[in-house]
Amino acid sequence: MIQGSNMAEAHPVGFQWVMEAKARGAKVIHVDPRFTRTSALADQFVPIRVGTDIAFLGGVINHVLQNELDFREYVVAYTNAATILSEDFQDTDDLDGLFSGFDPETRTYDPASWQYADAGQKQEGQGRQQHEEQRETASALQHETHGLNVEGDPPRDPTLQHPRCVYQVLKRHYSRYTPELVERVCGVSQEEFLEVCRAWTEASGRERTTALVYSVGWTQHSVGVQYIRTGAILQLLLGNMGRPGGGIMALRGHASIQGSTDIPTLFNILPGYLPMPNANQHESFQDWIDSVRHPGSKGFWDNAGAYAVNLLKAYWGDAATADNDFCFDYLPRITGDHGTYRTVMDMIDGKVKGYFLLGQNPAVGSAHGRAQRLGMANLDWLVVRDLFEIESATFWKNSPEVETGEIVPEECRTEVFLFPAASHVEKEGTFTQTQRMLQWRTKAVEPPGDARSELWFFYHLGRMVRERLADSTEERDRPLLDLAWDYPLHGEHDEPSAEAVLKEINGYEVATGRPLSSFTEMKDDGSTLGGCWIYTGVYADGVNQAARRKPGREQSYVAPEWGWAWPANRRNLYNRASADPDGNPWSERKRLVWWDPDKGENGEWTGDDVPDFERTKPPTYRPDEGQGGIAAIAGNDPFIMQGDGKGSLFVPQGLIDGPLPTHYEPVESPFRNVLYGQQANPTRKEYDRDDNPMNPSPPELHSDVYPFVFTTSRLTEHHTAGGMSRYLQYLAELQPEMFVEVSPALAAERGLQHGGWCHVVTSRAAIEGRVLVTERLRPLRVDGRTVHTVWLPYHWGSGGFVTGDSANDLLGIALDPNVLIQESKVGTCDVLPGRRPRGRAVLDLVASYKERSGVDVDPGTPIVTVGPDADVHDHRDPVMRKEDGDP
Amino acid sequence: MVRTPLDWPVLRQLRGPDVLGRGPAARSRDTEELTPRTKTADRVVGSVCPYCAVGCAQRVFVKDEKVVQIEGDPDSPVNRGRLCPKGSASKNLVTSPLRQQTIRYRAPYATEWQELDLGTAMEMVADRVVKARNDTWQDIDEKNRRVRRTLGIASLGGATLDNEENYLIKKLFTAMGAIQIENQARI
Amino acid sequence: MKPLIGEHSLFGPVDPAAEAGYVDPPARKGFFTDTSVCIGCKACEVACKEWNEIPDDGFSLTGMSYDNTVSLSANTWRHVAFVEQPAAPAAATDGAGTVDLGMPGPPPPTSPEGAQATEELPDFRWLMSSDVCKHCTHAACLDVCPTGSLFRTEFGTVVVQPDICNGCGYCVPACPYGVIERRTGPEGAKNVGIAQKCTLCYDRIGDGQRPACAQACPTESIQYGDVDELRERAKARVEQLHEAGVMDARLYGADPDDGVGGAGAFFLLLDEPEVYGLPPDPVVTTRDLPHMFRRASAAAAALLVGAAVAFAGRRG
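Residue numbers (the working numbering), protein chains in the order written: chain A, 1 to 887; chain B, 1 to 187; chain C, 1 to 316.
By construction, these hints were calculated from the structure, which means they are not laboratory data. A few of these clues could be false.
Derived lysine-lysine pairs resembling DSS-like cross-links, with alpha carbons at most 27 Å apart [claimed, not checked]:
1. Lys443/A x Lys550/A
2. Lys351/A x Lys143/B
3. Lys590/A x Lys22/A
4. Lys590/A x Lys550/A
5. Lys443/A x Lys39/B
6. Lys190/C x Lys39/B
7. Lys131/B x Lys351/A
8. Lys66/B x Lys443/A
9. Lys63/B x Lys443/A
10. Lys39/B x Lys550/A
11. Lys190/C x Lys63/B
12. Lys235/C x Lys22/A
13. Lys66/B x Lys190/C
14. Lys27/A x Lys235/C
15. Lys27/A x Lys590/A
16. Lys63/B x Lys550/A
17. Lys351/A x Lys397/A
Keep in mind it's a predicted model, so treat the numbers as computed, not measured.
For reference, chain A alone in the conformation it holds in the complex (with noise of 0.2 Å):
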């Protein structure tokens, strides 16, 4: 099952194991815009439209409930379906779109009301307080491993017959997600649904196992996080979940942006997905603490102390004492959003000086290319570090800013340097890949000229700026002075040993240099250190891991002497639920671990992969009344990084935009949401500025302005903003130019040619590309009119051997609430048959949109459609407009 991904194409040599399950008999079904390299081999496509995949997996919630195809056994023992809600939970069906628990003036929920029953509640209104907070922090990425937290044992009804039981309070919110709604909402026939529904349920439950793969078709929408949430309902439902041919698969898009997420480089996180310290929430070290760990809390958080001190140690060394809490104080606040697009508004409003970017091209790749490069032009100075002159590093002499007089380069103050740099196989290191599986490249070559590796730049920019505080008494100045910065060097550029890195990483006892096996071993008293306690094991016995390669062939398929996977090299996640209660394999088919009652001295876990659970904890083991932590988990509850050990149906803690995903039309849409009287995601995050303008939808006026919805992706031949590809003679001649496909329909309705020219408009941008009339975009019929999606890939710029405009460009900056991630996948534009206007003609074309749809008077758009405090304007009526004296 793919969906919101085109694997074939943005993952071609991962899509051979799709082909190999084909091969041997696989369903494949791809359900997507448009129709790809993935739809050609797939046995069924389904275009849906853009923006309404929680309508559609609903619909597939819902047939699988009403007919009650749940693997049920499964559900009953792993999930949350039994546990019984609070009284007070009202679902968006009594509230026409909302929770209950929502206060239209901070747009946020109050979660007190989507508790377990009888779960100690919390006090009116701080729930609130925190969801306001959590928005401003994404803070659910720091939940990416959190869990759950969940004291004492909620009441649960096995029979799933309580009203307020999970099952049927999800039976009831999906029950509306008819085949018919789908067909009404998605522009998918009912046959096409149906045979979805039957393909997966069909290929699920105790013998057999579906794959659930999706990447940022997912991702980047303002609902992005509840569109995975529906999936993993799915996969939960039908028993998929921790089992071998089962699963979420989430395709990441570059090389390590999963190890970029495990140590970040992200506002909000730490390494290991411990959080930033907020200034409100963070005032002690053990409030810090206490914020991950949930004291009385179950699940392995509880061990979050040892894990913080290791990480303090690594970066403090000897100054990291328990008298000073390890330097806890040495840690900077966070007090918000500090995200990337809040901090492009704050450079476009003069509040940042200096901008490091580091084999990024945001003029290109991010989302409102004209923001991100009108920020770069109001900075004092730039660094940029890449393979090539990128976009990013020429803003200042060909952004299209320049051409139209918006950016002079004469009176743009902005310093830039750009510095080359070394290539993967200039540098040695680790990546680690979209299973979590870090994988060591050995340098082959030194890099040519100046290049150099990102250790090299970054050891010795902190060893420079140390070296200029060195007389230093100030205060602020001691993390810096006082900081573990001492690596061994080697060759004649003085490059830092990656290796010393990942071993610090790993951890190692502090007395004896010992590089810890597993974050068990990790002490709270400062005895050990380790940089990222997840990625501990990496290192083990002092070997690199990570830079095994013994030949696949020569091992079981689940190949664990390849590469090492955090954590403890698990390859498949919570597989405990591979195995039944008993801790037998569900199937022999499917097994995958098992409890063996008789290896070890009172039986272990065994298997094809690394147990994920206590390996001695047996299938009969129940927690005592009381117990907290780890040893709260109980024998058959696999889903052990969660609070009550089940994976989670409905979510109580946690999401911002709701416990259970909700179909929201995307920020931009010419459809009035048909299931709700609220029209998108009503706690999104969004930057109401007139230089963030978003195009009307209903119910505001104006919406057919902008009549067609348009997505942006890759091709095969590309790689995102194409500083990695344009540059590249063998690539750029794949695909030479920027293209827009249309549909035959919209090609004759707006008088496009095929091979002529286009150009595309939105409230932020008017681009142009040539014209690719193509059947594989197919107008659907949606609450009885036609739509017409236009598909752009966002590769090209101005620079390399071929060049083009940034299909970013169009795009507005609304954010995901969880996640702060952007709604890049989908947005309304208008096209035009031919060239672009050039120069401040471009400008004056977008004008003349803003002003026909009323977006020139107000840039936003109404979030709260509903209720009392709907805040739809009906200042855009030209009528009023003329009352309110408007020009």
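Let chain A serve as the given structure and place chains B and C on it in line with the hints.
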């Protein structure tokens, strides 16, 4: 190889079974000496493709300190020696004629690049970091909360970098008090 | 004594390496390209270029679906065709109408009414196929080469020797598939002016390695191996597809009795060869050489006899 008059193609053709001169008799000297550069490489090192996150293992062939070939590693249980067009083009990535090898510097209000040597550029960046940090330092924020940070220095990037690099980047920036540190994972 | 030209030297089934005079040659090597699993990623094109140091083919958008390298050429030795096929029923109802030559490329834009119809006909296909030199059993390019640059290797493949080729270009029109071409640029590239085409990575296979394209291919659409074994595999794959209801599956170039004596590189297609831009029934352009040679010899003999008679008559 010593060549005698008997090696003349026409004689070879008439002497051997290849009377039409379409096979062995037609083989040239270069053909006889043909050897794949994967065989003549000085060394082969294990690497990983730098594009998407599938994590395809690569074998990098080096001759005279130059990369002469990059191909999939058949030992890998992930890619079994296969690569996509981008992975297959990764030698082109390393050896592209457009690759930057020197520092380019654009002074404020300048209309062209100028060259800088690496050492000077590093000193300049270190000076600017120290200054920006001092100029924008906050011990407390506007709500009187202790924050000890700078909002004057931001960074974006890391998803294409090594874990070890991201580790040092985050460590240094955190010690510096810079918090607007982001990468593609947010995008 | 072996005749100068054998019965099948220029046409019909034969082991090409032995025919070319190799004693005990290794098994004939070739490609089986199974287009039913091709994902159109073009890894083969790139891997080929990287290995063989082939220059780029220029940067221009063709509008032919995702095909921007157009065809096999001196600078493109593997070429992936993309065929966007509208739903079949539309063509079926149009029996007496124009014949769609099925050349790769997008369908002509239809009217809005036509588009309405496609809403109900989702049976759209996007065919992808990686083309390559066929390494014919009877290779006309080789037979016409006056310098001996093109030659038959011990693996039965057909390879250009750049150090011999004088760029005469006789091979170019001789190829029934339009594969071989003289490299005309770019300036500074190696082998400019010389005939160029796939060598089946002669250097790699001589060292027991796989050709670069087959090594890279993510889905094993391109399979390299012994031609005999590949033909068996291909037949089995067609049967498997037929059993699965894919009745359009057929082999192209696998038959030793075809016009080129069977290709060393053959294909599994999902439609007529023309749809992929392949000639439906290629024939080695030198097929009639022996026949012509006999005719010409007879004519020459007659001429000689005539001359002799005339000469004798004059004497008489």
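Restraint status (C-alpha distance of Lys235/C to Lys22/A at most 27 Å): 19 Å, holds
Pair hint outcome, Lys66/B versus Lys443/A [Cα-Cα no greater than 27 Å]: Roughly 12 Å separates the two Cα atoms, so the pair holds.
27 Å Cα cutoff - pair Lys131/B, Lys351/A: Distance ~14 Å between Lys131/B and Lys351/A Cα, so the pair holds.
Given pair status - Lys39/B, Lys443/A, alpha carbons within 27 Å: Status holds; Cα separation ~20 Å.
Restraint check for Lys63/B with Lys550/A, where alpha carbons must lie at most 27 Å apart: 25 Å, holds
Given pair status - Lys590/A, Lys27/A, alpha carbons within 27 Å: Cα-Cα ~17 Å, so holds.
27 Å Cα cutoff - pair Lys443/A, Lys550/A: Holds, at roughly 19 Å.
Holds or violated: Lys63/B to Lys443/A, with C-alpha atoms at most 27 Å apart: 14 Å, holds
Hinted pair Lys590/A and Lys22/A, Cα distance within 27 Å: 17 Å, holds
Given pair status - Lys550/A, Lys39/B, alpha carbons within 27 Å: 22 Å, holds
Given pair status - Lys39/B, Lys190/C, alpha carbons within 27 Å: Between Lys190/C and Lys39/B the Cα gap is close to 22 Å, so the pair holds against 27 Å.
Given hint Lys190/C paired with Lys66/B - CA-CA distance at most 27 Å: 19 Å, holds
In this structure, none of the earlier numbered hints is contradicted; all agree with it.
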